[in-house]
Structures are given as C-alpha cells and as structure tokens.
Amino acid sequence: EDPLRIGAATYGLQGEFMQLWSNALEAHPAVLSGDVEVTVFDGRYDALVQSNQFDSMITRQYDAILFVPIDADACVAPVIKASAAGIPVVGSNTRCNTDQLASFVGSDDVLAGQMVAQQVIDQIGDNGKVVVLEGPIGQSAQIDRGEGIDKVLAENPGIEVLERRTANWSRAEALSLMENWLTAHRDEIGGVIAQNDEMAIGAIQAIIASGRSPNDIAIAGVDGITDALKAVTQEQMATILQDATAQAQGALDVALARLGKADEVPLSDIWERYPELEWAGGEADTYNIPWTLVDQDNVAELLEQRQ
Amino acid sequence: MNQASSSATPTTSATDHRNRITGFLSDYGIIVAFIVLCVILSVVSPYFLGVNNLLNVLRQVSINGVLAIGMTFVILTRGIDLSVGSMMAFAAMVAASFAVVDSGMPLIVPLTLGLAAGLALGCVNGVMVARFAIPPFVMTLGMLSMARGLTYIYSDGMPISSLSPSFLWLGQGMVVGIPVPVILFAAVFMLAWFTLRYTTFGRYVYAVGGNPTAARLSGIKVSRITFSVYAISGLLCGLAGLMIAARTSAALPQAGVAYELDAIAAVVIGGTSLAGGKGRIVGTLFGVLIIGVINNGLDLLGVSSFYQQLVKGAIIVVAVMLDRSRLSNT
Amino acid sequence: MNQASSSATPTTSATDHRNRITGFLSDYGIIVAFIVLCVILSVVSPYFLGVNNLLNVLRQVSINGVLAIGMTFVILTRGIDLSVGSMMAFAAMVAASFAVVDSGMPLIVPLTLGLAAGLALGCVNGVMVARFAIPPFVMTLGMLSMARGLTYIYSDGMPISSLSPSFLWLGQGMVVGIPVPVILFAAVFMLAWFTLRYTTFGRYVYAVGGNPTAARLSGIKVSRITFSVYAISGLLCGLAGLMIAARTSAALPQAGVAYELDAIAAVVIGGTSLAGGKGRIVGTLFGVLIIGVINNGLDLLGVSSFYQQLVKGAIIVVAVMLDRSRLSNT
Amino acid sequence: MSTPLLHAEGIAKSFSGVPALTNGQLSLRAGTVHALCGGNGAGKSTLLNVLMGILQRDAGYVQIDGREVNFPSPHDALDTGIAMISQELEPVPDMTVAENIFLGREPRLMGALVDHRRMRLQAEQLLRELELHLPANARLGSLSIADMQMVEIARAISRDARVIIMDEPTSAIGERETELLFAAVERLKARGTGIIYVSHRMNELYRIADDYTIMRDGTFIETGAMADIDRHRLITTVLGKELDEEYAKYNRPGADTLLEVDDYGRGKDFERVSLDLKAGEILGIFGLMGSGRSEFLDALFGAAPAERGSARLRGAPFQPREPGDAMRAGIAYVTEDRKGSGLVMGASIKRNVTLASIPDVARNSLIHEGMEDAVATPFVERLQIKASSLDMPVKQMSGGNQQKVVLAKWLQTQPSILLLDEPTRGVDVGAKREIYAFMSEFARDDRAIIMTSSEIPEVLGMSDRVIVFRKGRISGELHGDELTQENLVRLSS
Ligand SMILES: Nc1ncnc2c1ncn2[C@@H]1O[C@H](COP(=O)(O)OP(=O)(O)OP(=O)(O)O)[C@@H](O)[C@H]1O
Ligand SMILES: Nc1ncnc2c1ncn2[C@@H]1O[C@H](COP(=O)(O)OP(=O)(O)OP(=O)(O)O)[C@@H](O)[C@H]1O
Ligand SMILES: O[C@@H]1[C@H](O)[C@H](O)CO[C@H]1O
Ligand SMILES: [Mg+2]
Ligand SMILES: [Mg+2]
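Residue numbers (this note's numbering), protein chains in the order written: chain A, 13 to 319; chain B, 56 to 385; chain C, 56 to 385; chain D, 10 to 502.
FYI, nobody ran anything at the bench for these hints, they're computed from the structure.
Ideal Cβ positions, reconstructed from N, Cα and C, are used throughout, including at glycine.
Errors might be hidden in some of the hints.
As the list claims (entries may be wrong) - No more than 25 Å apart at the CA atoms, straight line, and that leaves these computed lysine to any residue pairs for SDA-like:
| hint | chain 1 | residue 1 | chain 2 | residue 2 |
| --- | --- | --- | --- | --- |
| 1 | B | Lys276 | D | Glu213 |
| 2 | D | Lys404 | B | Gly274 |
| 3 | A | Lys242 | C | Asp157 |
As the list claims (entries may be wrong) - Covered by chain B, according to a simulated footprint, are these stretches of chain D (three or more residues, beta-carbon under 8 Å):
| hint | segment |
| --- | --- |
| 4 | 82 to 94 |
| 5 | 100 to 108 |
| 6 | 312 to 320 |
To be verified - Taking beta-carbon pairs under 7 Å as the criterion, some of the chain A residues facing chain C (in silico):
| hint | residue |
| --- | --- |
| 7 | Gln31 |
| 8 | Glu172 |
| 9 | Glu175 |
| 10 | Thr178 |
| 11 | Ala184 |
| 12 | Ser188 |
| 13 | Leu189 |
| 14 | Thr195 |
| 15 | Pro302 |
| 16 | Thr304 |
| 17 | Gln308 |
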C-alpha cells in the first residue's frame, strides 16, 4: 500500500524553532516506518507563499496538511479551500481563526507572553525597569505574546518598560539593539523580556560585551532552543520551552486519526510525556501543549534530548 | 537584444520570413527557455499541465506580475524601484481599513483609496528622482523603509481582516472560470504592452532610458517621463495591494517584504537591461512566468526546502544562460 | 562627481587652496552629511558621543562595512552582488563547523576554510559573469538562493554554536581597547583604499567600469578584472562570515538575509554610481557609517519600532539630498 | 539692413567658476549659411549649446527676429524653430532609424498613439530625398558612426526649423555624404532657413558659407562675409598666429617590409585583403563609408580578429586574438569613435593618457603619480591640449581636445606601427598640422602608419601610398602621380 502523503506548511524554516519542529516530524514513528511520507514547505514568512503552497498541495491531493500559518487571519482562505477539496488541515504551533481546521495542536502564545514576563518580574521584584524585545511586527506570535506580556505588566505597575522594540526574532539584530540600549540606559536595565530565545541570547551577548554579567540582569525568552538551554545551565537566562516535538508529532497523530489510520500506524510518544493532555482518539478541537518552564531541575535532561 | 526590429515591415521573400523567425527567437530567447522549463516540468510531474494547476500558476504570479510591469517602466528609464513591496503593503492596509465587513463602505471607496495610496507614494518617489535628482536606488530604498513605517503606524502593527466578500472577490473570485487576479494581471499587461509599443509616452520611456541627452535634445520633457514611471509603479503597487489583501483575506503589516527582488528579477530575466532603454514587457511576462513555474514546479515535486533554494537559483541562471547563448549564436 | 580631481598637484596660491577645500567638500559631500547627522545626534542624545557608544557603532557597522567594500569593487565595474548575505552565511557555517569547542582544530583551519568558502562562491559568480556573460543581477540573485540552499544543506538547518574562545575573539575580542571586528574592518578598508587608489589593478577596475570597450581596446583584460571583483567580494563575504559567527557566538543558517540591501545602500549613499566607473571607497566608508549611526541613534533615542522605519528612510534620503545639492551648487 | 534671424551678443558661460565663454556673438541672416570658426576649445559648442537651451547663459542676450528669447530647455528652442546637430553623436541605440529621426514629434494617431506606419513611410521618403541608403527600421545601434551621423543630420533637417545649428556635422562622414548634406543645405537656404555651421575643414566653409564669425579663447573676434576673407587670413585669425595650412610631410619609406597581410577576411565585413606595409611608410586606406576599412583595422589590432587569412610582422607569424597581442607587438590603434571606444569619458585627462600603458607608470604594480604627470604633461604641450588641469574629466573637454587625448594615449604606448582611423576628427587646423608633423616624424626607421581618413586632401597629402577599399575588398592601389582625387573617387565608388 502506498504511504500516506502529508504536507507540512510551515511559515518559514529560517530559525531553529521551526527546524526542530520539522525534524520532529521527520522523526515521527509513522514516518520512520514508511507508513507516512511528509513534505515540508518553507512559507518564507509570507502569507501569499503559504497560500500558493496550499494550491500546490491541493493539486497534488495530499492526504492531509499540517499547517503552521504566518498569520491567524490570512490562513483562513487556504484552509477553507483545502477542506472543500476534502483534505483535512491540522493546525500546529500558531492558531488560525477558522472553525474549518480539523484540529489544532499548539501552545497558547498569550500564555507564553505571560510566563516570560512573569519570569523576569519574579526575579527583579515589584519595582524595576525592563526592556522588551518583540518579534516581527504583525506576526501572530508577536501580537499574542505581546498581549500576554501586556497583561502581566498591567498587573505590575511598579515595572517600568524602558524600551520596547522589534528585533525580528533575530540574534544579530537584538545584539546591536541591546548594545545601544545599554548605552542609553547604562545600569538601569534590570530585566529583558524577549519574545523568543534568539533575541534573548543576542541580549546576553550584548550584556557580556558591555562588561556586565547576564547573571545580574533578569532575562527570559521563549522556545527552549539549544543555545538557550545552555545559557540556562549558566544561569544567564530563563526560557519557556515550546515543545516543537509535541506540536509537530501531535499534529501528525491527530491528522492520522482524522484519516482513520490512528490504529494502523504507531502514534508518537508525546501523549505519554504529557499525561494531562487528553488524546481523546484524536477527536478534540484543540490540543493545548503545555509550556514548560526550564530551570536547573529539568535543563540537563532537555539538553540530553537535543544530542 | 534588438527591441525595435519587430516593428516589422511587410516583407515577402522567404529569407525575410526566416529572418523574422530567428529574429523573433533571439528577441524572445527567454520564451524558449520558458518552454524548455515547462516541457521538463510536465515530464517530471504529471500534475503540472493540469488546467487547474496552470490557473494556479497564473493566479500565483499575478501579484508579482503587476509589480514587475510597473518595474519594467522604471527600469526602462534606467531607474529602479526598491519600494514596491512596502508601497503594496501600505496600499493594502489603507484599502483593507475601508473594506472591513462592518465598515459599510461601498466597494469603490477601498478600491479608490488603495490605488490612491500607492499612487501617492509613487509620486513622492517620482518627484524626488525627477525633480531633486536623488538617485533612484537611494530614494526608493528610503521609501522601502518609509512606506513600511507608514504601514505600521497606520495599522498599529496589527493585521486587518474580516474583509467584505465583494472586496475579497478581487483576489478570490472567478469570471468565466478565470481567477480575477489573473484577469487583472492580464489587463495591466495588455495596457502596458500597448502603451510601450504604440503610444508616444511609451516611446519616450525607451528614449529617456536609451539616451537621456538625446531625449532632452529632441524636446522630450525627461523629468516628466521619469516622474511618470515612478507614479505608474506606485499605482500598480496600489493595485497589487488590493489584490494581495483580497487574496490573503487580510492586510498584513509584513506583507511584501523582499518583493522588490522578485519583481526586478522578472524584469531582468525577461531581458530588460538595468542600463535602461532596452527591453520588453513581453520579456517581463515570461520572466514572471518562469519564476512562478519554478516555484510551482518545485512545490509540486515536493523538493525538500533546502534543495529548493539551490535548485531555484540554478534554474534561474541556466534559463538566462540559455537565452543569452542563443543570442550570441545568432 | 569628479572621481579624479582630488589627486591634487602641489599648489600655492590662496584661491587654489580654497578650490581644493571646496573640491574636497563637493567630492565628499557625504562626509558633510555625516557630520551634520552626528552633530544633530549628539545634541539630541547625550550618550551619542561617548567613547563606548562610538566603539559600539564601529563594531556594529564592521560586518556591513566589510561586505560594502567588496560591493564597491563590484559596482565600480558596473556589476552588482546580491549574494553577499548568503555567501557570508555559508562561510560562517563552514568556519563554525570547524571551530566548535571540541573539534580540536587549530584556529587556522576554520579561518582558512571560511575564507575559502566565500572565495569559492565568489569565483563562481565571477566566472559566470566574466566568462559566460550572465548579467550580474541574475547570476548573483541565483547565487543568493543557491548559497542559502548550500548553507541549509551543510548545516541541516540547525545553528552551530559552542565555538572555541579563540575563534570568538574575532568577533568579541579587543586589542588596545579597540574591538577586533573594527580592526578587521579598518584593515580591509585601508587595503581596499590603497588598492583602488595606488595599484594598477585599481586603475583597471575604474577603467572597466568607466568604459569597458575602451578598456578592452586599451589592452586591459576586462574579463579578468570582472572575475576578480566578484572573487574579492566573495572573499570578503568569507571574512564577514567569520566575523558574524564570532560576534553572535554561532553560525545561524538564516544569518545575513537581506544584507545585500544594506551593503549596496552604503556604496550608493557613498556616491558610487551604479552605472560604474565612478566612486570611492571613502564614500563607502561614510555610507556605512551613516547607516550605522542612524540605527544607533534611533536606538539611543528610543524611537518606536513603528516610527523607526519612517525616520530611517527619511534620513537616508535627506542625507543624500544634502550631498547632491551641494554638488549642483558648485 | 533687415533684422537678423538670430542675433546673440555678450554671451558668457563658466563651468565651476572657469569661464568657457566670455563674449559670444553671432548674427545669422535668413537663407544663409554662417560659419562659426575657432580653434579647439574656443567656445563654439558652448555658444551653440546656449543658443539651443542646453546650457543656461550667465550673461548676454539672444534675439530671434529682433525679439529677446530665453530657452530654459531644448524643448523651448525646438518650439521656436531652432534645431541642432550636436557635436557629440546622441543616438538612441535601441530605437530604429525612423524612431530616432522623429523622436519627440512622432506622427500621431488620436493624439497619443505613434503612427508607426506613417513614421516609417515619412522616414523612408526623407532618406530617399537625402539619397541615404539606410533601412528606416534598422536599429540605430547596428549602424556605423557615419551612418548614425547621417541619421542625426536627417533628423535636424526634417524638423522644418528656421534655424539649424550644425556643430561639426561632417567630422564623421565621407566626401559623398558631405555632398548629400550640402545639397540639402542648399535646399534649406532656398527655403529661407538660416544655418550655423561649424567645421574644421576649410574647404567646406568656402564651399557653402556666406558669412563667418571667428572666436578665440571664448571671445568674439570678428565677423564678415566669407567672400572677404582669404584662407590664410582665416586660419591666422582663428589660431591667433601665423600658420600655413599645409601637410607637413617628410617621412621617407624604406625598403623593409614591416607587416604583410595575406588574404584577410572576416564575415561579410571584408575579404581577400592582402597588403604590406613598409618601414617608414604612411599607408593610406581610402574607401566610402561602410567599405570595411574600420573593420579591417579592428582585425589587425585583434579587437575583432580576422577569421581567414594570415599576417606576418617583421617576418614572424602574427595572429592577434585580442588587443593585448597587437599591443605587445608594438601596434597602437586610434579608433574612429572616441566616445565609444577611445576614452573613459568620466575619467581625467591624465588617466586617459595612461590608460593603455598603466604598467609604465607603475612600479611593482603601484601607480606612481609623479610618473603619470610626467607622462601626460608633454602631450598637453605637444598637442596643444586645452584644459584647466590634467585632472579635468575628458567629458568636460571640447571635442577636438578629446581627440588629442586619444592620440596621446596611444603615442604613450610607444608603438612602432600606428593604426589611425580618422585621426583628425574634429581637430582644428593648428593641431592638425601638429598631428601631421608628428605622423611624418613617427614614420621613420622601423616605424610605420596605416591611416584611414574620409578627408580626401588629408589622404592625398599624408599618404605615401593609398589602398582603396570597395565593399570590403581592395579595389586598387595608388602611388606617386596616381594619387589624385579623381582616382580615389573612381576606385572607391
Ligand atoms: N561641462 C564643462 N565643464 C567644464 N568645462 C567645460 C565644459 N564644457 C566645456 N568646457 C570648456 O569650455 C571650453 C570651450 O569648449 P567648447 O566645447 O565650447 O569648444 P569648441 O570651440 O566647441 O571646441 P572644438 O572645436 O574642439 O569642438 C573648453 O575649454 C572646455 O574645456
Ligand atoms: N553587409 C553589411 N550588412 C550590414 N551592415 C553593414 C554591411 N556592411 C557594412 N555594414 C555596416 O557598415 C559599417 C561598416 O562601416 P565601417 O566603419 O567598417 O566602414 P569604413 O570603411 O571604416 O567606413 P567609415 O568608417 O568611413 O564609416 C558596419 O559597422 C556595419 O554596421
Ligand atoms: O513560535 C515561534 C518561535 O517562537 C520562533 O522563535 C519564532 O516564531 C514563533 O512563531
Ligand atoms: Mg565643439
Ligand atoms: Mg570607419
């Protein structure tokens, strides 16, 4: 029997997180066993490109599509089109504002924003000054994490935001930006709230270069990329692990269930890893993969998994 | 190579006829490259030649196509417009803000304002280049940044969605089985083709790019022509803005980043010289199609995204090599 | 404007002296624009003129600076190199793969291989442009895509970090209080300045860009020179790759996306003409500095993300306007 | 006396503070040809550019029909009925002949559409009238320099202008084309058109001009009727010093053969070309436009290598594949198109002079600026190159002075064989004589010159022997007494 063909439309492969996501997909037991064949598409951070790739996947009649959209609204039309063509679309990582998704397997970015802000505030106390590094303006992850950060800041009036700017998820951009902020604010900056780890690491490097110690500044990011885990071991930052494996493999599991294959092919082990996550035969609308705060207790184990 | 020789005179003899054909092929070597590419793709992918897929390709290229047509005018005058992606995003945002379902605006309002937004920014480029002699690269690089800033400011950094169905029709509708964006692209193409070929304005665009001194000495108002091409590019960005917002059902603040590269690439692959004065809109059409077919083909084949980049780059170079080597043989 | 007039002959009279100064200023109007910008920034931000901040600016511009110097050579010959960002990323990846802490390689290995990786890709550009007459825009656009693909393939899409301290020193070290990247940039600048001004090769570069036909008929091996400038650009991308990996402590597959725009912008803002044959490396230096100072200044002033783009674009245009209007007055 | 058609007085123009024109003056009568005379750099083109609205004057006034006018751009001058053939060719290479001729005033349909058919027909008719055998739909860039020049002439003539400015229209064309131009000029005169005519060829002035105006160093010197000034006085006034117009010829051909060409051919450009060049000889090559002279020289220099045949230089096989090969063998080549293939227009005089001999002004690949100045300076004196400094970009020089820079560039390579294609294009009588003297002095011992020229007196005056080309083949060879205008014309046509 021919393998099932699953298309994975990612918003873009330029960055470690989405790379981990795709690698996890390739490492899914059903893919390894040859029951499923996945093709990963690079959306190049462009809603139009993603839409075009959906057209191609519909033409090729993929059995199912896993979808990590760049934007929660621009994703709607392609999803409707694919559903109309009888192809189930399972959302992953980033939400999509439509009820036509077969299911969504991801994590709540608003929550991530709250957690990352809370991490920093927990360290510096009720009064302090922070800077915020944001993702590319208008991307869903930037908007939602920003919303979460705002919520926490609203609850903590003693926290002053010195600067808030985009560094476009980029380490190099965050590095220069932080260097300049350190000049403008000298020793004022008590915390760095970064919407992802790449930018947090750029900030750490700027802090080190300026002769300060990142241990003295509360820094937190989102994703749990490898360099961030290493930084955690050195107590330079905190990170909120976004489980790429769970998002990717979970989405594939759900897609297989919707294709009625859940019993024939092996499921991934993520359902064992998160006992609180109800499998429900793959029937649920939403699977909320929990965020994991990375600290000294679990970092070693997580780093081990990356090898 | 020879942009003027096709204004063919009535000829009779057989050799003349043959000359015209080889002339055509060397003029349009890029068409040959395109055909070769299509043949290869239809052999390796059974889906490629499907009517639906071909319509997909056309729909997919329509936005870059509209931008590339404006770019052709600009490049023909020795200019360049790096700001097309940002101007498009700004126009999309302006249009979308008047096209949300509950705005209650008649369709004409977002359409007009979207086009006007693009046109306005294009006019700024035009004035600065034509009147204040700012090098086009610098001016439009500045506009790339400024228009993006305006887009953020106007939208507060948030996408605008929930657009009215009549507006969405522009990007998603069909007329007699042909997608609306394709019809828009075709209309713009024909208009541009006609303009460049048959109107005095079109001739002046070529003259200004071919030899600005000669154009000036012939009494052509060079700065007026220069201004116009940037205005045209801006207006077409406005149209592209309407199309992309309607197609993606939303105006996104980050839309169109790096689109200038694809638009310029289409023009240059189509044989228009960055040195100005030489080139054709038909070349641009095939430049646009080549890029579109490469993207579509690689997606259809499911080439891994790492190798896609490698293969895509190589195909572009080879296609142009094919074109150019044909030329040097004739 | 006049690229040759500054090689002044010894003069005595006062008017000659005055002419030399106005000549200098009109040659280097961009320096005036730079100074004006710095004065404004030091008034509005008390931090701007601090030694540390100035060192920051220099460190921040050093990578774009190295790329822009290679780009200057290319543009002087009427070419363009769109692939610098990708070539840099590839070189960074190659170097980093031999510089990880536990690789046990001596430093010379990653350095050599990084430079060689950049050089090799640059040579491919050079051969295709010089030998096969592929238009530079098309060839280097293809390379932009191909080198990025190679980077992904080589790295499997994952960053390489944990680099050895001796390697990191290239990006983060200091020598007598000056950051190493700044020293590297300064060294490359001086070498390039010297080459373009004093060597026969430099002359050939200007001649080939100024009039390739005349250069060929004067016995200059045009294609050899053309090849060389792309090779130089590639080699400098190799160096920039070492610098960025060392500065960010990692080689990231997505590093350098869109860097070509900043590099070309620096060259063009610095007064080098995209039409070739005219321009100066000192102009490029100030183009690089202007871009760096704008970024730094806007960061220091805490301009919001939304307005940053608007302001940045406007300043670039105004700076060049200032430069150009000075010229037309003299 | 009636009001002049065009009258200009006190015209001044400086560039970056350096005056190029201090007192330009000219009065043109309707239905006449007015010769504007002056040495290279006298300010003729500057004055004409002011009249045409290409440059804006600093002082002075211009009147048309007695009414003062001010043209901010050529557009306005054209509107008022002034047309110009500018000294530098300004073709739009990728447009057709017809499109170039009608640029800016295309026959129209419905106001905004180009009537291509009518434009082609009108162009064809115009070309027929002018007896030019050029296809109206040929791409201009595919034509020879001479043909491009004829197209520019056709363009200006067909404008129905009341004033036509002709700035060295004949410097790039042959005798036959010059006759065509003159015939057209006569027709224009008869219609009442006034023509301002610039040429460094004295014969032409005496043939067609009614009046003359002489300028020197940017200033009006005198004006009068052509009939009232003799050749000697004209030349002396133009140059500001005594000089006879004659060919300084004192080279003596030896017996040794320097270069032998056997059965050279390339494409359709030329074929079966066999000739030899003796030491000490100036060999003239004459032919009509398009007869393949330039192409043959290109082949000898390796710029576009021959496809058939062989050559021997000093007895050894000589097969130049690129210019460097020919240069190493001691050959230099002054091409006919100084702007296109001779000069880097944006670069300085100095850099252009050393362009073909960069290694000579360098040690260990490092340019020695002192040596560069030392190399360029003598040429400035020797060839009377008029320029404010060695660092002046050549594009700011007058046309004749640019030509001298090209010569200097090649002389600096110290060649033993000089290929000269129209070497005195746009050069004034004074400098011409210098160039002739130089040529004679050069062609001695084991050196020699091959020269093509469209100026018959120059060919006759300077050549020891002339080979005539017709349609890419040698149609004859003339020595001694056979060297007459009639023979040249007979063999070439
Ligand atoms: N754009 C310019 N910038 C500086 N100097 C200029 C410029 N144009 C002309 N000149 C100078 O003005 C003077 C007059 O030049 P012009 O071209 O009018 O001479 P001309 O009489 O036409 O000479 P020719 O017979 O060689 O054509 C020359 O010395 C020239 O160098
Ligand atoms: N058979 C031909 N077909 C098409 N074009 C031709 C042909 N022969 C000559 N030509 C054109 O005429 C030009 C030949 O002129 P070329 O300069 O070689 O002649 P020449 O004898 O040097 O005359 P001159 O230099 O006085 O114009 C070529 O550049 C080419 O464009
Ligand atoms: O969730 C992902 C990661 O945080 C990544 O770092 C940037 O894009 C977001 O969408
Ligand atoms: Mg002149
Ligand atoms: Mg000739």
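Verification of the hints:
Pair hint Lys276 (chain B) plus Glu213 (chain D) does not hold up; C-alpha atoms about 35 Å apart against a cutoff of 25 Å. This hinted pair checks out: Lys404 (chain D) and Gly274 (chain B) have alpha carbons roughly 23 Å apart, not beyond 25 Å. With a C-alpha separation of about 15 Å, the suggested pairing of Lys242 (chain A) with Asp157 (chain C) holds against the 25 Å cut-off. Coverage of the segment 82 to 94 of chain D by chain B holds [criterion: at least 3 residues with CB-CB distance below 8 Å; count 6].
With 7 residues bearing a CB less than 8 Å from a CB of chain B, the segment 100 to 108 of chain D meets the requirement of three and the coverage assertion stands. Here's how the segment 312 to 320 of chain D fares: 0 of its residues keep a CB closer than 8 Å to some CB of chain B, so the rule of at least three is not met and the hint is violated. Given the 7 Å rule on beta carbons, the hint for Gln31 (chain A) holds: about 4 Å separates it from the nearest Cβ of chain C. Hint on Glu172 (chain A) is violated. Least Cβ distance to chain C is approximately 13 Å, over the 7 Å limit.
Contact between Glu175 (chain A) and chain C, as hinted, is supported at the beta carbon level, the nearest pair being about 5 Å apart and thus within 7 Å. For the restraint placing Thr178 (chain A) at the interface with chain C, the shortest Cβ-Cβ distance is roughly 5 Å, inside the 7 Å limit, so the hint holds. With its C-beta approaching chain C no nearer than about 5 Å, Ala184 (chain A) sits inside the 7 Å limit, and its interface hint holds. Because the closest C-beta pair between Ser188 (chain A) and chain C is about 5 Å apart, less than 7 Å, the hint holds.
Because the smallest distance between the Cβ of Leu189 (chain A) and any Cβ of chain C comes to about 6 Å, under 7 Å, the interface hint for this residue holds. Nearest Cβ of chain C to the Cβ of Thr195 (chain A): about 5 Å, under the 7 Å cut. The hint holds. At its closest, the beta carbon of Pro302 (chain A) sits 25 Å from a beta carbon of chain C; the interface hint therefore is violated under the 7 Å criterion. At a threshold of 7 Å, the smallest CB-CB gap from Thr304 (chain A) to chain C is about 21 Å, leaving the interface hint violated.
About 20 Å separates the beta-carbon of Gln308 (chain A) from the nearest beta-carbon of chain C, more than 7 Å, and the hint is not met.
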